[in-house]
Amino acid sequence: MGATPVLEEIPAAPARRRRRSPEASIFLVLVAIALLFEVLGWIVVGRSFLANWQRLQVMILQVAVTGIIAVGVTQVIITGGIDLSSGSVLGMTAMIAASFAQRSDYARAVYPALTDLPIVVPVAVGLLVGLVAGLINGTLIAYTAIPPFIATLGMMVSARGVAKWYTHGQPVSGLQDGYAAIGSWVWPVFIFLSVALVAHVALGHTRYGKFTYAIGANAQAARVCGIDVGRHLIKVYAVAGLLSGLAGVVQSARAITGQAGMGVMAELDAIAASVIGGASLAGGVGRITGTVVGTLILGVMTSGFTFLRIDAYYQEIIKGVVIVGAVVADQHRQRRRLKP
Amino acid sequence: MLLEVEDLRKEFPGVLALDGVSLRLQAGTVHAVMGENGAGKSTLMKIIAGIHPPDAGTVRLRGRPVQLGSPREALQHGIAMIHQELNLMPSMTVAENVWIGREPLTRLGFVDHGELRRRTAELFLGLGIETEPSLSVGELSVAERQMVEIAKALSRDAALLIMDEPTSAMTETETRRLFDIIRELKAQGKGILYITHRLNEVFEIADEISVLRDGRRIGTRPAPEITPEELIRWMVGRDLTQLFPRGESTVGRVVLSVRELGLEGRFRGVSFDLRVGEILGVAGLIGAGRSNLAETLFGLTPASSGTIEIEGRVVVIAHPSDAVRQGMAFLTEDRKESGCFLPLDVLSNLTLAALNRRFVRAGFVDHAEAASEGRRLAASLRLRTPGLDEPVMNLSGGNQQKVLIGRWLLTGPRILILDEPTRGIDVGAKAEIHRLIAELAREGAAVLMISSDLPEVLGMSDRIMVMHEGTVTGFLDRDEADQVRVMTLASH
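Read top to bottom, the protein sequences are chains A and U.
Counting in the numbering used here, the first sequence runs from 1 upward without gaps.
Counting in the numbering used here, the second sequence runs from 341 upward without gaps.
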């Protein structure tokens, strides 16, 4: 303690040892897992895991939709909250957006009078539905005393209900090619990474981001600083809802159908990706870069297990262990870094 | 000799917290351990209480070496720590808290609540504690909770009590009562290790005083053989020229004018004027409504009656953002609870309150400008930190407080409300904060300073407003104020 310098004594760019950023270490975990599958691949099935362009493409495509949600969920987690509704909101928007994207030559359209609409309509509807769900979450949390867990649990159940009620469980099919194009090729990955980039800049370099971290670190202190905590929380949950809506659009476009069961459990994958990426459920801590890497880790694991032909039951068991293990390791590392 | 520790060493990653510290404690005496924040006092106490294992060194109890692997083991050896952050369960009753884990049972195995209350009452009687055992702990004041903690420790036959700044949240009267209890404990032959920052207390209650600095013991003396000046020199390693650097003040026009302000159930009919360059001290006992008044002025709990005028215009302050817009700043009483963003870095902590008006261009934060302002400010605050990117939770209490003051300086406030600005802060940092406050007033800020530290209020204020049970009982000018007058008004 004695040697802590008064700040004026140290240069503007301190020459001290840079500590490795949390993202760097989580990235190393990603590399380690990938290499582990590579080695196991040669041993177990006698083939390379990584040197397969198609596998890598499928791998990242599979997690792109989860990744889009995770970008929103991470922001919510940074405020010290949680969003359990993202998977259900995805399902609800997938149904509703798809119903505005149907072709006129499809016999069982939801709205026979509203077919062959410009693609911008279903996209806008999807985003709007997600946004409204997020606004409801945020308003409940900001202006009633209920905790985010409960508010978004309610939304999780209700939004799934809407998804099922909307067509009484029937899938929404006969979508236009233009709509399907949104989910084709690597567009989902491109959308995921663009969303992540925007969120990364917003969190690190704007007032919105600074306030988000501040509220998560200490909501009462944020209030004293003159931040309108309630209004800001509504914004953050609205962003998360908007991204769930976007994920619903991408998912239905990719599958070229809207189904009421879309996004079941996706909220948990998104939370897992955030937390593996270093976000703290206690609030105030978390980075989008970490979340992107966390999403990729989930993707590599799913893909790797399939590659090794490990039974789906084992996959889930191991995935659960990895999620908890990642967080335990991370907390251990952080504790060591900090003084008692 | 009740306790002897020898050559204790404890290293945390990157910090040598204790470097060969030895200490002895006689039964029936109070040994005060003093030192600046970060000197190693808390680490030493935590080792003795079994919370941290030492890296090297021995602890002997009544001549026999003991291994203290956990607080539970320490307790079995008769060592109890009264924590600064209290470890009571607020929703349970006083009696339940005292006997938790050792509840008397009826023949059927249910908790015998009658017996529980009776035992507690008996225990309290022996100590002169007047708290009702059936109240829930959540309803008690901080001081009363402290008493309950002490009673709890004694109910476990503790022979050695460790008290970590027990009076930091207590009023004068409560402190008196605690000291009476400590004297009673001494008479019963208990040994007490007492951590404090308050000089006047230590001379009143301690038999021996040890000072730690930078993990080493600087010295130990019987209390009557050391002067306050010497003690300060031991603690900070240099002379503090002036304890209260309040020069001549030039008080100007009225900035803040409060009339008949009230908040249902907290305070009522509060009227005062605050002028440019003035430090108005607010004295009173805990529960007098001083902090409530500050929170109302700042819009955290909007007033239920009365008016607030700033620069001659009536303003409505319904939210802290209104207050900030009016050029007000509020250093809250509880650094951790409502001040610091602990996981965030120093720079974020410094700039957050100013972000609504500064450092932002077209929605984007100008990091370069914020960092250069931050560095300038850190230097003028004499902030001790490895860098602006250090999480604030790694800073000592005094430095955290400086960060919070810096945060408000960046907003360029006209009116500063300070609630216990130096609570729990070591002597060196305290003097620096006093210097800062005086400087701000000199530069034209109007300062409202709430403090339970009487020498601080007397030394810093141009005028003192005294409150008692939600009303203002009087104003005292600088030259007519003394300890007795203030306490008379405060206890009415």
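Among the hints, a few may not be true.
Claimed, not checked - Pairwise CB distance ranges, derived in the manner of DEER restraints:
(1) U/GLU346 <-> A/ALA145: 50 to 60 Å
(2) U/THR647 <-> A/GLY204: 52 to 62 Å
(3) U/ARG722 <-> A/TYR143: 37 to 47 Å
(4) A/THR144 <-> U/THR513: 33 to 43 Å
(5) U/GLU443 <-> A/VAL44: 40 to 50 Å
(6) U/GLU443 <-> A/ALA145: 28 to 38 Å
(7) A/GLY161 <-> U/ASP395: 33 to 43 Å
(8) U/VAL654 <-> A/TYR143: 23 to 33 Å
(9) A/THR144 <-> U/ALA367: 30 to 40 Å
(10) U/MET432 <-> A/ALA145: 18 to 28 Å
As the list claims (entries may be wrong) - Non-contacting residues of chain A with respect to chain U, defined by C-beta distances greater than 10 Å in every case (computed):
(11) GLU38
(12) GLN57
(13) VAL110
(14) VAL162
(15) TYR213
(16) GLN220
Claimed, not checked - Now the stretches of chain U that chain A is said to cover, found in silico as 3 or more residues with beta-carbon under 8 Å:
(17) 468 to 475
(18) 505 to 519
(19) 656 to 662
(20) 689 to 697
Source of the hints: derived by calculation from the structure; they are not laboratory data.
Using N, Cα and C, we set each Cβ at its ideal position, and we do this for glycine too.
Results for each hint:
no., hint, verdict
1, U/GLU346 <-> A/ALA145: 50 to 60 Å, "holds, 54 Å"
2, U/THR647 <-> A/GLY204: 52 to 62 Å, "violated, 43 Å"
3, U/ARG722 <-> A/TYR143: 37 to 47 Å, "holds, 43 Å"
4, A/THR144 <-> U/THR513: 33 to 43 Å, "holds, 41 Å"
5, U/GLU443 <-> A/VAL44: 40 to 50 Å, "violated, 58 Å"
6, U/GLU443 <-> A/ALA145: 28 to 38 Å, "holds, 33 Å"
7, A/GLY161 <-> U/ASP395: 33 to 43 Å, "violated, 59 Å"
8, U/VAL654 <-> A/TYR143: 23 to 33 Å, "holds, 28 Å"
9, A/THR144 <-> U/ALA367: 30 to 40 Å, "violated, 57 Å"
10, U/MET432 <-> A/ALA145: 18 to 28 Å, "holds, 23 Å"
11, GLU38, "holds, 34 Å"
12, GLN57, "holds, 35 Å"
13, VAL110, "holds, 40 Å"
14, VAL162, "holds, 34 Å"
15, TYR213, "violated, 6 Å"
16, GLN220, "violated, 4 Å"
17, 468 to 475, "violated (count 0)"
18, 505 to 519, "violated (count 0)"
19, 656 to 662, "holds (count 3)"
20, 689 to 697, "holds (count 5)"
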